[in-house]
Amino acid sequence: MPDAVNGTWVPDPERVAATNVARLMRRHGIAGLAELRRRSVEDTSWYWDAVVDDLGIPFSVPYERVVDERAGAPWARWFAGGQVNVAHACVDRWRDDPQTADCLAVVAESEDGTVRTLTFGELGVEVDALARALAGDGFGPGDAIGVFMPMIPEAVVAAYAIASIGAVWIPLFSGLAPDAIAARLVDSDARAVICADGTWRRGRRKALKPVLDDALSHAPAVRRVVVADRLGLDAPLCAGRDAVWDDYTAEEPSRCGAAATGAEDVLMLAYRPGTTARPAAAVHVHGGFLVKVASEAAYQTDLRAGDCALWITDMGSIMGAWLMVGAHANGATMVLYEGDPDHPQPDRLWALVARHRITMLGASPTLVRALRAAGDQWTDGHDLSSLRVLGATGETWDAQAWEWLMRATGRRAPIITFASAIEVGTCLLSPYPVEPISPCSLGGISLGMDVDVLDAAGAPVRGTIGELVCRRPWPAMTRGLWRDPNRYRQTYWSTYPGVWRQGERAKIDADGQWSLYGRSDRAISREAA
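Numbering (the numbering used here), first residue to last: 944 to 1472.
Keep in mind that the hints were calculated from the coordinates and are not lab data.
Check each hint, because a few of them may be wrong.
Said to hold, decoys possible - Pairwise CB distance ranges, derived in the manner of DEER restraints:
| hint | residue 1 | residue 2 | range |
| --- | --- | --- | --- |
| 1 | R1184 | S1437 | 23 to 29 Å |
| 2 | A977 | A1313 | 32 to 38 Å |
| 3 | V1068 | E985 | 32 to 38 Å |
| 4 | P1084 | D1323 | 49 to 55 Å |
| 5 | D1177 | H971 | 28 to 34 Å |
| 6 | E985 | G1146 | 50 to 56 Å |
| 7 | A1182 | V1004 | 41 to 47 Å |
| 8 | S1003 | D955 | 49 to 55 Å |
| 9 | G1324 | A1248 | 47 to 53 Å |
| 10 | Q1042 | A1313 | 52 to 58 Å |
| 11 | R1300 | G1024 | 40 to 46 Å |
| 12 | A1120 | R1350 | 20 to 26 Å |
| 13 | G1200 | G1081 | 34 to 40 Å |
Cβ atoms here follow ideal geometry from the backbone N, Cα and C, with glycine treated the same way.
All chains, please: the whole structure from these sequences, using the hints.
As C-alpha cells, then:
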C-alpha cells in the first residue's frame, strides 16, 4: 500500500521477495538495494558478469574478460573474446526448448481491431525465412539494412533477421519525412530497406511506401526494398529493386541459424528522431546492448517468462528496441500496438491492458496527461489487475499526472521512470520495485551505472545543479558516433578526462532525490518519441 501521508508507493515484503532483483541479491548475499547499487559500481566487472549468469544470457563462446579498457574508457570493450547474437539469445534459445517454443513471443493489435500472434517457435520460422532470403540476396555481416515499419510483427521479424545474419539494423521511425529517412540511409550507407505498404493513424490508412520512395531518390546505394503487404495498398514497385515480402521469403523452409557474431559486433545504429542535417548515430553492439537491456527489463520492470510487456512507442525508437530485446531476452511476451492509443476512444489503452493481461505498461508522461484530460470515466469497467509495473521515460513528470496514473491503475503498480538516452542504451537513473518510490521520483542510479553530478571543476555537488556524468564505462555505452570518433570524444569525454559527460543538467538533493533540468549542450538527447 502507498504511504497515506506523502503518496509514496511502498512494496509489501512478499512482493519484494518475489522480484528478480531480490533473487539476484539473495544469490550474492546482499542485504538490500543500497548495498547492491554500491557493489554494482565499485566492481562493475563482478556486477555485469553476475547479470549474465543470473539471466542465463547464452554466449555461444564464453568471454575471456568482462571489460577491456586498455584503449581507454571511451573505447572500452565488453565481454571481450565472447560470441553472442541477439537473435539467438532472444528467439532461438526459446524456440529450441520444447517447454517454451509454444509460448507467445509477440501479440500485435492494430487500430482496426486486428490481433495477430506469434509463438517463439513461429517467430523463429519467420526470422529464418527472411534471414535466408537476405543472405541469398547477398547481404551479410556489416551490411546496413533499414526497417521502416509501424508496430507490427514484421518489424520484429525484420530486426531479428538482420541481427541473425550479422548485418546492421537501422530502425527508422514510422513518422519520418523523406528527407530524414534519406539522411539516415546515406549516413549509414544502407544497402536495403524493409518496409510496410502502410499503417493506421486515427482510423485512416497512411501510406508508407511512397514516403520511402521519395527518400530513395536521394539514397541511390539502396539496391533492395522488401515490402510487407500490411494494408493491401496499391504500392508501386520498382522493377529490379522492390520485392513483396511473401514472394521474397517463399523458399522451402529450412533452419538458418544465427551468425556467430562477436560481442562487439555492431547490432544497430540508433538515430535521434527529427534530425535531418548530418545525423548522429549511436552505435550499439550485440553483447553490450543485450546484457544492459535484459538487466533493465528484468530488474527495473521485473519482467520474466509468462509476462506481457506493452510500451507505447515505435519500432524506430530506442524504446522499441528496448521492448523487443528486454521482453524476449527474459522469455516474456512483447505486445505491439499499431496506431494511436486513444483511438477510437480514450479507453483504448486500458482495453488493451485488460484484453491481453498486460503486466508491464510503458507510456510517456505526455500520453498520461492526455488520458487524464479525457476524464476518469474511461478507466471504469476495465480489469487492470494484471498490471505489476508501470514504466515511463522521455520527459519529467508533473505531480498531477503522476498521481492520476497511480489512482487510475489502483495504486497496485509502481511507476518506474527511466532517465534514459539513445547513446546510453538506455538507463542512467531508475527506481526499482523493491524500494519505496516517491511521486515523480527517478529513484537512484541504474545498477552498474556510476552516475554522479559534478560542478565545472569536476567536484561532486549536492543540492546544486551540475553536470550529469558517469565515471565508468558500461556495456551498452555507444561505441562512438557512427564514423565520427572526433565528435564522440569532443561531445562526451572532453569536459572531464576519463569521465562520460551526458550533457544533461542534474541535481541530487540532501535526501538523495535526483532531478533533471534539461540539456546543457546540443548532443544527442533523451528520446521523447
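To see whether the hints hold, each was checked on the structure:
Look at R1184 against S1437: about 43 Å separates their beta carbons, and that is not inside 23 to 29 Å. Distance hint for A977 and A1313: a CB-CB separation of about 36 Å, consistent with the stated range 32 to 38 Å. For V1068 and E985, the Cβ-Cβ distance of about 45 Å falls outside the hinted range of 32 to 38 Å, so the restraint is violated. The hint said 49 to 55 Å for the Cβ distance between P1084 and D1323, and at roughly 53 Å that hint holds.
Distance hint check: the CB atoms of D1177 and H971 are about 59 Å apart, inconsistent with the given range 28 to 34 Å. Checked against the hint of 50 to 56 Å, the pair E985 and G1146 passes, with Cβ atoms roughly 54 Å apart. The hinted window of 41 to 47 Å between A1182 and V1004 holds, with their beta carbons roughly 43 Å apart. Remark: the range hint 49 to 55 Å for S1003 to D955 is contradicted by a beta-carbon distance near 41 Å.
Distance hint for G1324 and A1248: a CB-CB separation of about 30 Å, inconsistent with the stated range 47 to 53 Å. With their beta carbons about 41 Å apart, Q1042 and A1313 fall outside the hinted range of 52 to 58 Å. Range check, R1300 to G1024: Cβ separation about 42 Å, and the 40 to 46 Å hint holds. At about 39 Å, the beta-carbon gap between A1120 and R1350 misses the expected band of 20 to 26 Å.
Hint check: G1200 to G1081, Cβ distance near 18 Å, so the stated range 34 to 40 Å is violated.
In this structure, the hints that do not hold are numbers 1, 3, 5, 8, 9, 10, 12, 13, in rising order.
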